[in-house]
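For chain L, the structure is supplied; the task is to place chain E on it using the hints.
Protein chains: 2
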Amino acid sequence: MKIGILGYGNLGRGIECAVKQNEDMTLAAVFTRRDPASVKILTEGVPVYHVDDFTAHKDEIDVLILCGGSATDLPVQTPEYAKYCNVVDSFDTHANIPAHFDAVDKAAGENGHVALISCGWDPGMFSLNRLYANAVLPEGNDYTFWGKGVSQGHSDAIRRVEGVKDGKQYTIPVEEALNAVRNGENPVLTTRQKHIRECFVVPEEGADLAKIEETIKNMPNYFADYDTIVHFITEEELKANHNGIPHGGFVFRTGVTGWNKENSHVIEYSLKLDSNPEFTASVIVAYARAVVRLAKEGQKGCKTVFDIAPAYLSAKSGAELRKSLL
Amino acid sequence: MKIGILGYGNLGRGIECAVKQNEDMTLAAVFTRRDPASVKILTEGVPVYHVDDFTAHKDEIDVLILCGGSATDLPVQTPEYAKYCNVVDSFDTHANIPAHFDAVDKAAGENGHVALISCGWDPGMFSLNRLYANAVLPEGNDYTFWGKGVSQGHSDAIRRVEGVKDGKQYTIPVEEALNAVRNGENPVLTTRQKHIRECFVVPEEGADLAKIEETIKNMPNYFADYDTIVHFITEEELKANHNGIPHGGFVFRTGVTGWNKENSHVIEYSLKLDSNPEFTASVIVAYARAVVRLAKEGQKGCKTVFDIAPAYLSAKSGAELRKSLL
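From first to last, the protein sequence lines are chains L and E.
Positions 295 to 620 (the working numbering) are the ones given, in order, by the first sequence.
Positions 295 to 620 (the working numbering) are the ones given, in order, by the second sequence.
Next comes chain L alone, as it looks inside the complex:
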């Protein structure tokens, strides 16, 4: 199975690492918007092409993994590249998924390719768990918590504050809220009751620390609705202690069964990830296998994780899976 990567940032590098862990796959090409000569990848002997030369090399790959961002890259790239080949993206702007699906479905369907959108862990593995749990317990409540982990968006927001040189933000689920859900109490939780935001900020020399803290804590959308903790640290401390990109979270469904709804059940799924982009990449690579198989069966159009039978993700045969994992 020949994998192509478009965009060689954290996610692209994660895809490269994940491909190495799967014996039925090889990395066939990396496409970049930068000067290809300036992009040094980890895998020996794999070509790096400029993205403008994509169509000349499209037959060298079975599936292209789009590693751009959801804000501006993927809404353009996924429908565009679905014209030329099978694609997988990690589009994660939940509200815009229906529109993105329609655009990609049109392009992939008209050109006979399979395109999988919104792959990763949320959307992705978390979505699967929401769907399975909702199907099994039709009467109940859903809860999703994120963290402990680095929010790229909130870290960027901190870094835009005047007097801030660098910074990192951790989203942390509130332990009491987790336990209330886990105990089947079905709590109604406000934004503030669900997550804490903890910021590690490197101030510019001579900056007004009180003003930075106040600006962060009152920032609408990002921090104002949360209990926010601000720590001021040195650049060295940031590098030494906050260098990783961990993340994770929890998906719960609590529900009732029985003739009189007398029995309660709690379904919990959680992830604890050292590297958000590498885990996201690992999910995407498993689904890339499914996409290639579906395409070989003659399927076409846009798919999500909801549309793909789990067996397609595994390199093992149906018989092996039934014997070892069922």
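Calculated from the structure, these hints are not laboratory results.
Among the clues, some could well be false.
No copy is singled out in the list; a pair is fine if it fits within one copy or between any two copies.
Stated by the list, open to error - The calculated lysine to any residue pairs, modelled on SDA-like cross-linking and capped at a C-alpha distance of 20 Å, are:
hint	residue 1	residue 2
1	K511	I466
2	K488	W553
3	K459	E498
4	K594	G612
5	K314	T522
6	K459	S618
All values derive from a computational prediction rather than experimental measurement.
Chain E alone, transformed into the frame defined by chain L:
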């Protein structure tokens, strides 16, 4: 969607309750080996037939849910009824799944029906989580823990001991083992280190309690390899405090990613169930929906949860699912 139930015990009653919670389904008929007049079901106006009259009524249902046991009922029933209609079973003897699959696949395939085997939570939801997690993290370790919950097989074993009037056994995962796995320590665990067995025993009057306790604790396969706790209680206490059939458990996969396998990840799925048969039934009913849909598409043969795309389980449309759960 018209549901038939074969076998009206705890699981059959659970199916009946689950059908009531799903608006696109109706219970069409119950089939029993007992005298139908003696079987009083919860749903008004639904016929109870003798199992010998099944073929006369097979067209009244879209799918038959087989609620017998895995030891002797299902190996015979599932291939037999797959000749006449679409079926779902909860066959849970893991080692015999491949042979069961082959027998059912032949019967269902030759007769143009869809048969889903080994549906429930283990096998079932736990199997799905093992498969997804293995596909996403190809290099890692799997752990499955059961409980806290009632083991029917171990409770039966207690009741066969001389001098025991009644009894119930709880399987309990060892907290230290759970935490070691959760912390990514990748422990190698013996049977004893994974689960505790706690027994509540009602002795016959004048029975030799020390002998009962010794017999239980040394019973091969069932208790000898575990730390077993035996409590002697009265019949009234058993009824008052151990009347339910709770169960649950944990599925973990821990694995590594990165060019040098430098990042670790923990995937955890857990269930905490007030009623084992009702939750099993809820899973089966969601999959019964999928089976009917697959049959309408013209599919046939034996399937497992691995072969069915998640969207088939939900009453919602693809567009609704993408909007609300992705």
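Worksheet item: Any of the earlier hints contradicted here, and which numbers?
Response: 2, 5 and 6
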